[in-house]
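Engineer: Here is what each chain is made of, one letter per residue.
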Amino acid sequence: MTDLPPRILMVEDDADFALLARHALSRAEVAASLDVVGNGEEAVSYLERAKVEPPALVLLDLKLPKLSGVDVLRWIRAEGNFQNLRVVVLTSSGQDCDREEVAKLGAADYRVKPAGFRELVALMREIADRWGLSLKQSLQ
Amino acid sequence: MVDDAEGNLLALESILGELGEVLVRARSGQAALAALLEQEFALVLLDARMPDMDGYEVARLIRQQRRLKDLPIIFISAFNPEARDLERAYELGAVDFLIKPVSAGALRTKVRVFLELYRSRTDLARRVAERTAELEKEVVERRLTEAALRESQDLVRSSLGAARMFAWELNVETGQAHVSEGIAPVIGAPSDFPESRAWENVHPDDVGELRALIAKAVSEAGMFMRRLRYRRFDTGEWIWLEARGQGMRDADGKVRRVVGLAMDVTERERVERALRARTEEVIAIMESAPAIIWVAQDPEGRSIVGNRASYEVLRMKPGLNASVTATDGGAPTHFRIYENGKLLAPDEYAIQRSLREGRDLRNYEERIVYEDGSFVDLLGNVVPLRNPDGSVRGAVAAFVDVTHLKAVEAEIRALNASLEEKVRERTAQMSEALRELETFSYTIAHDLRSPLRTMRGFSEILLEDFGRQLGAEGRDAALRIVEGTKRMDALTNDLLEYARVAQAPVAFEALDLDAVATEVLRGLEEEIRSSSAWVEVVRPLGRALANRMLVSRVLGNLLSNACKFVEPGQKPYVVVGAEKDGGKVRLWVRDRGIGIEPRHQSKLFGMFERLEPGRFPGTGIGLAIVRKAAERMGGRAGVESEPGKGSRFWIELQSAEELP
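Quick mapping for you: the protein sequence lines, in order, are chains A and B. Everything in the first sequence is counted per the working numbering, starting at 1 for the first residue and increasing by one. Everything in the second sequence is counted per the working numbering, starting at 1001 for the first residue and increasing by one.
FYI, nobody ran anything at the bench for these hints, they're computed from the structure. Do not take every clue at face value.
Simulated DEER-style distance windows between Cβ atoms [said to hold, decoys possible]:
{"#": "1", "chain 1": "A", "residue 1": "L19", "chain 2": "B", "residue 2": "P1568", "range": "35 to 45 Å"}
{"#": "2", "chain 1": "A", "residue 1": "V112", "chain 2": "B", "residue 2": "G1569", "range": "33 to 43 Å"}
{"#": "3", "chain 1": "A", "residue 1": "V112", "chain 2": "B", "residue 2": "A1510", "range": "24 to 34 Å"}
{"#": "4", "chain 1": "B", "residue 1": "R1468", "chain 2": "A", "residue 2": "V112", "range": "31 to 41 Å"}
{"#": "5", "chain 1": "A", "residue 1": "V112", "chain 2": "B", "residue 2": "D1581", "range": "33 to 43 Å"}
{"#": "6", "chain 1": "A", "residue 1": "A50", "chain 2": "B", "residue 2": "A1510", "range": "51 to 61 Å"}
{"#": "7", "chain 1": "A", "residue 1": "L19", "chain 2": "B", "residue 2": "R1426", "range": "40 to 50 Å"}
{"#": "8", "chain 1": "A", "residue 1": "A50", "chain 2": "B", "residue 2": "G1634", "range": "52 to 62 Å"}
{"#": "9", "chain 1": "A", "residue 1": "V112", "chain 2": "B", "residue 2": "G1634", "range": "29 to 39 Å"}
{"#": "10", "chain 1": "B", "residue 1": "E1519", "chain 2": "A", "residue 2": "V112", "range": "18 to 28 Å"}
Using N, Cα and C, we set each Cβ at its ideal position, and we do this for glycine too.
With the sequences and hints as input, model every part of the structure.
Structural biologist: Shown next as C-alpha cells:
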C-alpha cells in the first residue's frame, strides 16, 4: 500500500477547472492521484467509503450544487474519523466572510482560484510542498 | 316820699295808697339819697324844710347824679314859698311845688301823670334798646353774609379757573353776552378782553348748530350741551369747548336769557378720541384675527360677546349674548361642550372656570357638539380680566378651530400604528434584496469568471505545450485570447467592486486615516515597487467619521492611478496628505504625472471613462468607485490638475477630530 501515490480529492463542479487542475498538478510534478467529484453529496459519499484510507488532501470549492462546500466542511468536522483530514478551500470569490467562516470550521488553508494557468501550476506546487506531497521529488 | 314828720308821711301814704304803686318813705335827706341809689323811682315827693339837710340840698345832690338828673321832683312845703325858694326849686329841676295842705285829688292826679310819664319813658328806652340790639345783630349778620358771599364767589371763581371753565349769559333780546372773567385763560385772551368778542372764535362749522341749540333753549326754556371747536386767541390752536346752556324764565314766564357754563375739554376730547381709536383697533383685531374670540363682561360670565367667527362657530346671530348661563332668558341651548370626551356642565366651561379660579387656562382643548351631531374641536387660551384691586371682572378667550388638525392627528396616530408594521415588512424586504444582491455578486464572480479561467488556462496550455505546432500566427491568436480574458477578468472584478461600494451597508467609525494609509500602502507594496514609485505621506492625516473599507478602497485606487499615469520612463512621485477645514477633512493624493486637461476633468469620475485607452491599461471604473464611496460617506470627490504638471485628487469627509 505504501508504494501507491497519495490521493487528492477535488470537489469541483466546473469540469474544465478540474481538468486544468489535473494539468497543473502534472506540470508541477506532484506525485499524487487526483479524484474529482462534482458536488457536495458525492464528496460526502466518497469520504464515507474512504474512512479507512482517507485522502491526503481535499481541495474544496465552496459554491457547489446540492451540498455547499461549507456544508461538506461541517460534515467533515462532525465526522469523528476525519479529525486530521487536511482541507484546502479553493474558491473563485475571495470574500472575507467566507474566509472567516471556513477558518472557524477548521480548513487548513483558503486560496482563490488563479485566473492564469501558470499561477495555477505555482499554486499546486506550493500546496504540494506545504503538505509534503511532492513524492516525485523525494523519490528522485 | 321824703319828710321828717311821720304824720306827713302817713298822710301822703293815705292819699296815694289807692294808686296801687310802690311807696317808699324816707325820714331824712340822707335816707332819701340812700334809697335813690339803691332803687329806681318814677317820682320824688320832697319836703322842702327838713332838719340837717333841707329839700333843696337833697335836690341838688340828686341832680349831681347823672342817672337821676331827669328824675321828676315835686317839692312840698308847709309854707308859702318865697320867690327865691321857688326860683331855686325850679332851677333844681322841680316839676311842681305844692303847698300844704295838699289837695288829695290834685296830688293823686299829678303823681299819676308823672308815673305814666315815667312808665312811657322807660318803655320807650327799653324798646329803643331792643331795636338797637336788633339792628346791631342785623348789621353783624349782614357783614357775615357778605363775607360768606365774597368767599363763595372767590371759591366759584377759583373753581371755574381750575376747571378751565367759565360762565356765560346771553340776553336774547339785546344780543348782549356776558362771560365770567375765567374765560381769559381758557381761550387765551387778554384780561381786558371785550365780552362781545367771545363768540368770534367759535369754529364756523359749529356756529349754526350752537345758534339752533340756543334758539331751542329759548323756545322750550330747556337745556343743551354740545362740544364745539374754538380757536384760542393767543396761539390760534383749535381747542374743544363743552358748552352747556339753560333758557331762564323771567317773572313773567318769558325766556329772555340763556345762561350756562363752558369748559375746555380738549384733553378729554383727545383722550376720548384715542380711546375710540384703540377701541376701533381692538374691534378690527377681533374681527380680522383668524381666531374665535369671546369676552366675558362680568365676573360670573353671564354676559359674553364675541367676534364674528365666534358667532359662526356657535351658529348664533352676531351680537347676541353667548353665555349659556345668561339670566336674561336668551341663553343658547343648541350645543354642548365636551372636554376629553366628557360632557361639561355650564359652570365647567373654560371661561367660567377661568373666572371662578382667577387664572389663565392655556392650550385648553374642547369640543362643541351641535344638536345635529356635528362638532367642532377648539384649542385656545382664556385669560381673566381684573379690576384695579385685583378682583376678576371678566375674561377674554381666544380659540382656533382645530377640527381638521385633530382629524389629521387621529389619522397620523392610526398611520403610525401601521407604520411600524410597514417598517418591519420593509426591513425584511430590504434584507431579502440585500441577500439577493450578494448572491448575484457571488454568481457574477463565480460563474462569469469560471469560463474566463477555462479559456485562459487552455490557451496558455496551447501556447506552452503546442506552441511549435501552432506557428507564429496561431501563437498570436492564442495570446490575444489570453489578453482578452485578462481584460474581461479585470472588468468583472471592478464591476463587482463598484456594486459592493454602491450597495453594501455602510457603518461609520472615527477612522484613523494614518493607520488606513499605512495598511493601504502595505497592500500596494508590489505595485509601488514594480513602478519604481516614490510615495510620501505627510502625517498626521487626522481622523474622519467614515467607513474603513470605503476609505481603503478610495485611497488604494487613487494611489494606484498615481503610480500608473506617468510619461513613459518617468518614476512616479506621489504625496498623500490631508487638511482640515471646519468640520471637514480633505484627504488628497498628489502626483507629478501626465495631468488632465480641464475639459476632461468633469467627466473623469464617470463610469467607464478612460483617459487614454491606448496608452494606459484600466477599466474606467476606479474613479467611479472613488466618487461613489465618497458619496456613500456623505462627502464628495474632486480633482485639481494641470496637463504636464500633475494632479491632485481628493475626497472630502466629515472630520472626527472633536470625537473621542
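Engineer: Hint by hint, note whether the structure agrees.
Structural biologist: Outcome of the hint check:
{"no.": "1", "hint": "A/L19 <-> B/P1568: 35 to 45 Å", "verdict": "40 Å, holds"}
{"no.": "2", "hint": "A/V112 <-> B/G1569: 33 to 43 Å", "verdict": "34 Å, holds"}
{"no.": "3", "hint": "A/V112 <-> B/A1510: 24 to 34 Å", "verdict": "32 Å, holds"}
{"no.": "4", "hint": "B/R1468 <-> A/V112: 31 to 41 Å", "verdict": "33 Å, holds"}
{"no.": "5", "hint": "A/V112 <-> B/D1581: 33 to 43 Å", "verdict": "41 Å, holds"}
{"no.": "6", "hint": "A/A50 <-> B/A1510: 51 to 61 Å", "verdict": "53 Å, holds"}
{"no.": "7", "hint": "A/L19 <-> B/R1426: 40 to 50 Å", "verdict": "47 Å, holds"}
{"no.": "8", "hint": "A/A50 <-> B/G1634: 52 to 62 Å", "verdict": "56 Å, holds"}
{"no.": "9", "hint": "A/V112 <-> B/G1634: 29 to 39 Å", "verdict": "33 Å, holds"}
{"no.": "10", "hint": "B/E1519 <-> A/V112: 18 to 28 Å", "verdict": "20 Å, holds"}
Of the numbered hints listed earlier, not one is contradicted by the structure.
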